[in-house]
Amino acid sequence: MKNIINIDLIKPKIKEAKLSLYLLKKDKLTRIALYLSIFLFILALVGYWIVPYPQHIADEANSINKLQPPSMEYFFGTDELGRDIFSRVIYGTRISLITGLFSVGLALLIGIPLGAIAGTMGGWIDELIMRITDIFLSFPPLLLAIAVVSVLGPSLQNAMLAISLSWWPWYARLVRGQAISLKERKFVQAAKAIGSSNFKIIFKHIIPNTVSPVIVQASMDIGGVILTIASLSFLGLGAQAPTPEWGLMISTSRNYFLNAWWYSIFPGLAIFITVLTFNLLGDGLREILDPKTRKN
Amino acid sequence: MSSYLEIKKLVINHKTFEGIRNVIDIDSLKIKKGKTYGIVGESGAGKTILALTILGLLQTPPGKIESGEIIFEGENLLKKSNKVLRESIRGNKISMIFQDPMSSLNPVFTIGYQMIQIIKKNQNLKKDDARLKAVEMLDIVKLPDAKSTLRKYPHELSGGQRQRVIIAMALSCGAELLIADEPTRNLDVTIQSSILKTLKEIQNKMNVTVLFIANNLSLVATFCDKVGILKDGKIIEENDVHSILTQPKMDYTKFLINSVTDVKKEPKKSNNSEIILEVKNLKKYFEINKKFFSKKSDFVKAVDGVDLTIRKGDIIGIVGESGCGKSTLVNTILNLHKPTSGEVIFKGKNIFELEKQELDHVRKNIQIVFQDPFWSLNPRWLVKDIIAEPILVHENISSTELLSRVKNLLKMVGLNDSAAYKYPHEFSGGQRQRIAIARALSVEPEIIVLDEPTSAIDVVSQVQILQLLKDLKKDLDLTNILISHDLSVVHDLCDKLHIMYLGKIVEYGEANRIFQKPLHPYTIALFESIPTLEKSNVNDLAQIVGEVPSAINPPEGCRFHTRCPRVMEKCKTQIPLMKEFESDRIVACFALENDYGRNNESIK
Amino acid sequence: MLSYISKRLFLGIIVLLGVAVITFTIARVIPSDPAVKWAGSRATEEQIEAARETLGLNDPLPIQFINYIKDLLKGDLGYSLRTHQPVAQELKTFIPATLELVFISFIIAILLGIPLGIYSAYMKNQLLDHVSRLFSIGAVSLPTFWIALIFQLIFYNYLGILPLGGRVSTEITILYELPDITGMLLLDSALVGDWYIFKDALIHMILPCITVALYPIGLVARMTRSALLEVLNEDYIIAEKSYGLSQNKILWVYALKNTIGPTAIVVTLSFGYTLMNTFLVEAIFSWPGLGNYVATSVVTLDYPAIMGATIFSAVTYILLNLLADIIIALDPRVRL
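Listed in order, the protein sequences are those of chains A, B and C.
With the first letter of the first sequence counted as 1, position 14 gets the number 14 in the numbering used here; the numbers rise by one all the way through.
For any residue, its number in the numbering used here is found by taking its place in the second sequence, counting from 1, and adding 296.
For any residue, its number in the numbering used here is found by taking its place in the third sequence, counting from 1, and adding 900.
By construction, these hints were calculated from the structure, which means they are not laboratory data.
Think of the CB as a built atom: it goes at the ideal place given N, C-alpha and C, for glycine as much as any other residue.
Hints should not be assumed to be uniformly reliable.
What the hints assert, rightly or not - Partial list, derived from the structure: chain B residues whose beta carbon lies under 7 Å from chain A:
(1) ARG659
(2) SER672
(3) ARG676
(4) LEU764
(5) ASP767
Said to hold, decoys possible - Straight-line alpha carbon distances no greater than 20 Å define the calculated EDC-like cross-link-like pairs of lysine to aspartate or glutamate that follow:
(6) A:LYS200 to B:ASP656
(7) A:LYS200 to B:GLU314
(8) B:LYS429 to B:GLU369
(9) A:LYS183 to B:ASP681
(10) B:LYS493 to B:GLU742
(11) B:LYS501 to B:ASP424
(12) A:LYS28 to C:ASP1225
(13) B:LYS634 to A:GLU73
(14) B:LYS376 to B:ASP396
(15) B:LYS389 to B:GLU314
(16) A:LYS26 to B:GLU314
(17) A:LYS192 to B:ASP656
To be verified - To give an idea of the chain C side of the interface with chain A (calculated C-beta under 10 Å), a few residues:
(18) LEU911
(19) GLN1026
(20) HIS1030
(21) GLY1038
(22) PRO1043
(23) LEU1062
(24) THR1082
(25) LEU1156
(26) PHE1179
(27) SER1197
Use the sequences and the hints to build the structure in full.
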């Protein structure tokens, strides 16, 4: 009896998955992005253990080898403290990915419930939440982050918090729009007629149906969030030395960049490739999960 | 005489991720010039695909024309290039009337702009001449005030007006072959009959050949000369209308004919059981258009003084066209809206004055099945959770007992146990309606409301659902409120009937007797607008002039007076009350009062 | 329409009030004591106390807030803790430079991005579409500050054809008096007719503008493409084809007009992003604009300056959103 239950539960999901795989096969660019992102995740996980100079990630380094150009010993050259840039860049993958995921996650956690409540309940609750959203939205993301960080002090954690605070309104807006159209759907009316509580309606009926487009939006945002964190660190508001964060490395490199081009180039390249991968992946996912594409 | 349009051995496939599916497989289809050819098929049978292919507008991935010919005026259309098709065929030779007028008109351009462009291209006229021609076209389709219509945007017109515009656009191309793809699908019956008559007039006057596509056999039979039955992409039977109806060959054809033929009914015993639900002078107004600075706003008077009396065990029908307020009425009864005024009394108590616990008890006893089988079930929930939802809200039972009740309910509605673990989208429309019915039954309510339960599903499922409802009525002695615009459904199921127009009830009585002899002018017109197999000609359809007035500022006096064939001076200023004219026949009409000589008391 | 605009304006004011609350909170209710900063690191106890008086820090918080609002309405944004100059004054000096950069980059972004988006949509799934997709997504993935450095390396270091930074060459600032009408050098020199300075300013603008414009080009192209694709899938497009109308007409007139709404949003968004991007690159190109000012203020924790810049940006954003709302309301379907 139990076996039958499990198979029945899985079958519809298998069909949906098959459709996704089929669409994925047709889109080369997204496939490449998918492989690359998996690669990046693996790098983030095992980076620490596979780099040639793990000790350089923190501070200890040989000051003799300051600002060496790329060589067989130091693939990306060394920085002003003699640290291997290659090891630091690879380790930086972990930092960027974790902070990116965390920031987006926190923004989702705040935005989705607020948006769902606003859209479903309507009335003054909706107006109130929307005004709050508007206030946060009228701060350009970078500036809000600057403001928050300048109060709380520059650190990676505060940068993540600042980003979540500027990102959640987008998700709230998105979910609210979904909720408004969903609440006209008959299954919500049916639930109301049945007598289900508002809380139940919002969390069990509305939110599960808004999850899909929001997740797609969020995966498109990871790239942007990683970029913003790097920008904040570049301005000195995020990661602090000696953390091997890419934006921070570029910032430090400015002092030497006319003579040590490798110092600026490689961390920036890392940012570019990572952000590009996630943006391509997100964009491709959006196409694949778009119900119109799936209908055909 | 060689055919005007001939389709030979046409095979069209559709490439899906699960493989290749065949959508059209027509051996032969011949249309003669000047005639009307109808194609009847259910949704998904391939009708629109066929129409688009004739014009060369099929989306070629994912569709693919494997083989066949479409011969028009001696040439194979499938062999022509897009450029040639555009210049010489589309518009000036063949044009199409689309199904959904809202989505087929460009929303950001005025009607005039769109029409003038079409006329300029197809008839090679200059702008001013084109404008005159546009006005002429709008007059032909009987759109009042053509000049101001030209200046309007699509969303400013009503559904019926938009459909006329679409017809005018197709005609203004000057084509001799019109493909009408379900042109009256989303329209009310009275509007539909008016448009069909207009279309027929035009066809005769301008000698246009029509390929008429629909999903309703009666509609096609009334309008067309020859009929082809399309099932799963194949024309399974083809003949002139009279022969098909009297001597159908295929089972499916026979089935279609049976499903729209009225069955003789025995008179029903009168029901003297207790009154279970009473509605007294219920009004529901919606406020709209509240400007930021002004105090006044407009009201949509959706329900404007409705009385109902429902006895236990009856199936009550509420019939009316779109905008009459029937859905609002029911939603208010269900307490989904707060009423503007009036009472709804369930088992002696006014439901709007109850405490939460008593209100919950009422909620439990009035359940609803909605029209839309897709969105009335949460697409992300498993069927077992959907059916169990009311139980979980109102009762406290163990999960094993819950599961067994769910399975019982599935059995009751004719579905397999295994359905419990599936998602709604894995079922057909008819099956989803069964799930919705199971959900409604789960807490054993006293009243079940059915809001257009069969409008959105295919004919086969409709028949099954109706049978299910009849069986349930017999087994469970349910009281039902059935809302529908489909008179055959209502005739089949209901004991008593209310006819609703613009927020008011105009006629009430025993269903059978109303069908035999409708009294109110609106009821008469309504019944006569519906195409049935007995009406062999559009001329047999009634025509009510004008459009349904807006509910924002309904007409003074009797609401129907602007379209009533029996209108008198009195009707324009005074509101008629519901009076009993024969035993248990209650109607609100001044003309009737004159007929019956005013010797009846007013009841209710 | 008037009612719609007034409602939007009213909401905008409420939002602005909220922004003021937040900036006030950040500027005043913070750990470190502004008075100390004001007085300097070597101030005595009395001097700090005097500073406190000057800054009005001894009043209770609600009074401080009301004074803050009053000042805001007068256009008084307080005094910079670092320079002791009025923040409003300083902003006025720096804003035009940033605006100059933003406007030109924005125009480049629109002129290049929209056609790119249109052609991608039209040529869906063909080579041009894939290439432009890679390009636009690549453009929004580039760290602006990084590409700025690369441009400098290539065009200044290796090729030597473009200057490293600044708005004008240093010789010019020494030898000439710079025209100052609007504060935007390019515009001013053109107005005055001084083409030598104009040419110099132009050369200095090339790298910063291209750097800043890259992100918005990608954004505008992507969003135009998806908006247009949605429209091209609509039923009325098929209907128009069936009437025999030409493909060109359908694309450039019928389809495009339906994208007004999304396009307005894209355009306003990209203006905002362009503004943000300039902040990042001003430091690199030594461009004397708002971004540079904010960067310095951040490093010295000069709260009134930071908050002043924040309020300015917030006002700009709110106005942009209002503009977008008005453009959307031009769509005949929107019922006011």
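Hint-by-hint comparison with the structure:
{"no.": "1", "hint": "ARG659", "in the structure": "holds, 4 Å"}
{"no.": "2", "hint": "SER672", "in the structure": "holds, 4 Å"}
{"no.": "3", "hint": "ARG676", "in the structure": "holds, 4 Å"}
{"no.": "4", "hint": "LEU764", "in the structure": "violated, 19 Å"}
{"no.": "5", "hint": "ASP767", "in the structure": "violated, 23 Å"}
{"no.": "6", "hint": "A:LYS200 to B:ASP656", "in the structure": "holds, 15 Å"}
{"no.": "7", "hint": "A:LYS200 to B:GLU314", "in the structure": "violated, 37 Å"}
{"no.": "8", "hint": "B:LYS429 to B:GLU369", "in the structure": "violated, 27 Å"}
{"no.": "9", "hint": "A:LYS183 to B:ASP681", "in the structure": "holds, 19 Å"}
{"no.": "10", "hint": "B:LYS493 to B:GLU742", "in the structure": "violated, 44 Å"}
{"no.": "11", "hint": "B:LYS501 to B:ASP424", "in the structure": "violated, 25 Å"}
{"no.": "12", "hint": "A:LYS28 to C:ASP1225", "in the structure": "violated, 38 Å"}
{"no.": "13", "hint": "B:LYS634 to A:GLU73", "in the structure": "violated, 78 Å"}
{"no.": "14", "hint": "B:LYS376 to B:ASP396", "in the structure": "violated, 28 Å"}
{"no.": "15", "hint": "B:LYS389 to B:GLU314", "in the structure": "violated, 38 Å"}
{"no.": "16", "hint": "A:LYS26 to B:GLU314", "in the structure": "holds, 14 Å"}
{"no.": "17", "hint": "A:LYS192 to B:ASP656", "in the structure": "holds, 11 Å"}
{"no.": "18", "hint": "LEU911", "in the structure": "holds, 7 Å"}
{"no.": "19", "hint": "GLN1026", "in the structure": "violated, 14 Å"}
{"no.": "20", "hint": "HIS1030", "in the structure": "holds, 7 Å"}
{"no.": "21", "hint": "GLY1038", "in the structure": "holds, 6 Å"}
{"no.": "22", "hint": "PRO1043", "in the structure": "holds, 5 Å"}
{"no.": "23", "hint": "LEU1062", "in the structure": "violated, 15 Å"}
{"no.": "24", "hint": "THR1082", "in the structure": "violated, 23 Å"}
{"no.": "25", "hint": "LEU1156", "in the structure": "violated, 20 Å"}
{"no.": "26", "hint": "PHE1179", "in the structure": "holds, 6 Å"}
{"no.": "27", "hint": "SER1197", "in the structure": "holds, 9 Å"}
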